[in-house]
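> Each chain, letter by letter, is given below.
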Amino acid sequence: MTGVPGLAMSSSAAGRAATPAVSFAPRPRRTPLGDAWNRLRRDRGAIVGLSLITVMVLLAFGAPLLAPHDPIEQTLIKRLQPPSAEFLFGTDDLGRDVFSRVLHGGRISLRVGIISVALGTVTGAFLGLLSGYAGRWIDSVISRSMEIVLAFPGTLLAIAIVAARGPGLQNTMLAVGLVSVPVYARLMRAGVLSLREREFVTAARCLGASDQRILFSHILPNGLTPLIVQSTLGIAGAIVEAAALGFLGLGAQPPAAEWGAMLTDARNFLLNAPWAMIFPGLAIMVTVLGFNLFGDGVRDALDPQMKQ
Amino acid sequence: MLRYTIRRLIETVPVLVGVSVVVFMFLRLIPGDPALTLLGERATEANLARVREQLGIDQPIYIQYWRYMRGVMQFDVGKSIRSNRPIADEARGRFPATIELATTALVLATAVGVTGGIIAGVGRGTFADHVARVVSLGGVSIPIFWLGLVLIWVFAVELGWLPADGRLSASMKYSPRTGFVLIDGLIAARYDLVRDALWHLVLPAVALSTVPMAVIMRMTRSAMLEVLRADYIRTARAKGLSERIVTARHAVKNAALPVVTTIGLQVGFLLSGAILTETIFSWPGIGRWVFDSILLRDYPVVQGMTLMVATIFVTVNLVVDLIYAALDPRISYQ
Chain A
1 MTGVPGLAMS
11 SSAAGRAATP
21 AVSFAPRPRR
31 TPLGDAWNRL
41 RRDRGAIVGL
51 SLITVMVLLA
61 FGAPLLAPHD
71 PIEQTLIKRL
81 QPPSAEFLFG
91 TDDLGRDVFS
101 RVLHGGRISL
111 RVGIISVALG
121 TVTGAFLGLL
131 SGYAGRWIDS
141 VISRSMEIVL
151 AFPGTLLAIA
161 IVAARGPGLQ
171 NTMLAVGLVS
181 VPVYARLMRA
191 GVLSLREREF
201 VTAARCLGAS
211 DQRILFSHIL
221 PNGLTPLIVQ
231 STLGIAGAIV
241 EAAALGFLGL
251 GAQPPAAEWG
261 AMLTDARNFL
271 LNAPWAMIFP
281 GLAIMVTVLG
291 FNLFGDGVRD
301 ALDPQMKQ
Chain B
1 MLRYTIRRLI
11 ETVPVLVGVS
21 VVVFMFLRLI
31 PGDPALTLLG
41 ERATEANLAR
51 VREQLGIDQP
61 IYIQYWRYMR
71 GVMQFDVGKS
81 IRSNRPIADE
91 ARGRFPATIE
101 LATTALVLAT
111 AVGVTGGIIA
121 GVGRGTFADH
131 VARVVSLGGV
141 SIPIFWLGLV
151 LIWVFAVELG
161 WLPADGRLSA
171 SMKYSPRTGF
181 VLIDGLIAAR
191 YDLVRDALWH
201 LVLPAVALST
211 VPMAVIMRMT
221 RSAMLEVLRA
231 DYIRTARAKG
241 LSERIVTARH
251 AVKNAALPVV
261 TTIGLQVGFL
271 LSGAILTETI
281 FSWPGIGRWV
291 FDSILLRDYP
301 VVQGMTLMVA
311 TIFVTVNLVV
321 DLIYAALDPR
331 ISYQ
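Each protein sequence line maps, in turn, to chains A and B. According to the numbering used here, the stretch in the first sequence is residues 1 to 308, in order. According to the numbering used here, the stretch in the second sequence is residues 1 to 334, in order.
Hints were generated in silico from the structure; no laboratory data involved. Don't take every hint at face value.
Unchecked claim - Computed cross-link-like contacts, SDA-like style, restricted to lysine to any residue with a CA-CA straight-line distance of at most 25 Å:
#1 B/253 / B/241
#2 B/253 / B/231
#3 A/78 / A/65
#4 A/78 / B/158
#5 A/78 / B/157
#6 A/78 / B/153
#7 B/253 / B/110
#8 B/253 / B/226
#9 B/253 / B/107
Said to hold, decoys possible - Here are some of the chain A residues that sit facing chain B, going by a computed Cβ distance under 7 Å:
#10 152
#11 155
#12 240
#13 247
#14 271
#15 281
#16 292
Cβ atoms here follow ideal geometry from the backbone N, Cα and C, with glycine treated the same way.
Full structure from sequences and hints, please.
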């Protein structure tokens, strides 16, 4: 996407208008992914989102080095201290440094968000491929099962699963991931259904490609776009859901520094130590905002026609 | 339309059966002996036997399911382990509190979301549009349990303007008739009661309405943008109609369809969001009861309420589908 400065502003038009250029000089090779990146780069919201995500990831990775105090060490004589130079975000009811806990909490939340979305996307994509390509009774069984899962409000189902399986991070990731499977399965299935009638698939079949090859080399890569968009936004939802489970006492167990669980502790000290409640919540919000902004940008970049 | 309605009704049956199987399997997810898990290590053998029998786990699984479903058909989803009272009876007392909260939140979310979305869509790129976009983005990104705590801290703890917990002040004496405080208060012309109840509703309803409000606003905005591009809008303007009439009569009506669906979909969120909101605001409804029951390992309650909420959710979605079909003459019923 070089040259034609006047058209560079309108993203999708620029690509098409560049074709009748007079110059025959070799242009840099354009790929669909490169085009998408160029559109994404010009989207202010997406860049803000990406920056927020980058900052949160760096803080989480650097937590052991950056945190001035141990996140779970209790110093009871310094409990409920307001923010100061020593304790940037103050201390909680057990005298733990809120700043250090927020930094370490990012490690848990980001991990939970990414792992549960990965679980949901991979399982959903597999079921969707199978359902859309195999058709017949396999499709019916999978589609009906997905409808049944969708009949439960997501958070409630996740809470019920964790309540039954027992609290903890692992079950949180499992529950949050499982609840999201139908969304990905449906997207993938819809993609397969429209793609398998396309000429390039017929061509591949005429050349004698096996079902497996058609499915994984031709259909899957072309049907991935909506899944990528959905999983970026899905990370935002997964982080909130996991934090909600933590807040209810069903996620990470004490003394782990997890954002949701930190809010549970801080709840009883709103009058004396509001900072212990404010900062973990802000951290959740900033991270989730980042993924939402970036996800919206990715959607617009990968599918310019959908942009409103 | 009748045939379409009947077909949709029939299609719902397998989903509901599936839901009941999933909910039934819920107790089987508990690792080990459920009776022992429910009652704890120090339970007496007699109590363990009672719970095992109550849960029906001494029977083969298909008989267990058959028994469970026979109960469900008669609105009997078992007894609470803690209180030993029928779950349906206990739910009846708590249900109105949740419905009152969820309805208020939905009305609030719809009013603000639809209005904001229309203003933003009509005035695309204006200051109001930017505000609406920031609000709807913030709304979906803010965790409601945190928002609830912030609201309590600001409006109850620091400013002291609004109450932070319960449905009514302790000094309010009243005997429930319908269980809906607002309705009871209006019937009995007890305006002090109504005012007190509304006062208690403000914070939890605002917290619960945030996410649906943001989603509805976003949907309304994009539906308006879509509709305003249509040819019939150009025609309406060309024949000299005022911008107000074009917006109100032509645009909003046609943008309403996707918005109705979106509003319907929020019911699921409201019902699960109620668990968080009611816990934070000590609201004596279903959500808080489910949460307490999880902590007390009173699993039959969690099971029964999950089934109830999922059934409500499926029903609401069905109704929304039917409304959609009735509103849109283009949908074919075949």
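> If a hint holds in the structure, say so; if it does not, say that too.
Here is how each hint holds up against the structure:
no. : hint          : verdict
1   : B/253 / B/241 : holds (16 Å)
2   : B/253 / B/231 : holds (15 Å)
3   : A/78 / A/65   : holds (22 Å)
4   : A/78 / B/158  : holds (24 Å)
5   : A/78 / B/157  : holds (23 Å)
6   : A/78 / B/153  : holds (23 Å)
7   : B/253 / B/110 : holds (15 Å)
8   : B/253 / B/226 : holds (13 Å)
9   : B/253 / B/107 : holds (19 Å)
10  : 152           : holds (5 Å)
11  : 155           : holds (4 Å)
12  : 240           : holds (5 Å)
13  : 247           : holds (5 Å)
14  : 271           : holds (5 Å)
15  : 281           : holds (3 Å)
16  : 292           : holds (5 Å)
Consistency note: the structure conflicts with none of the earlier hints.
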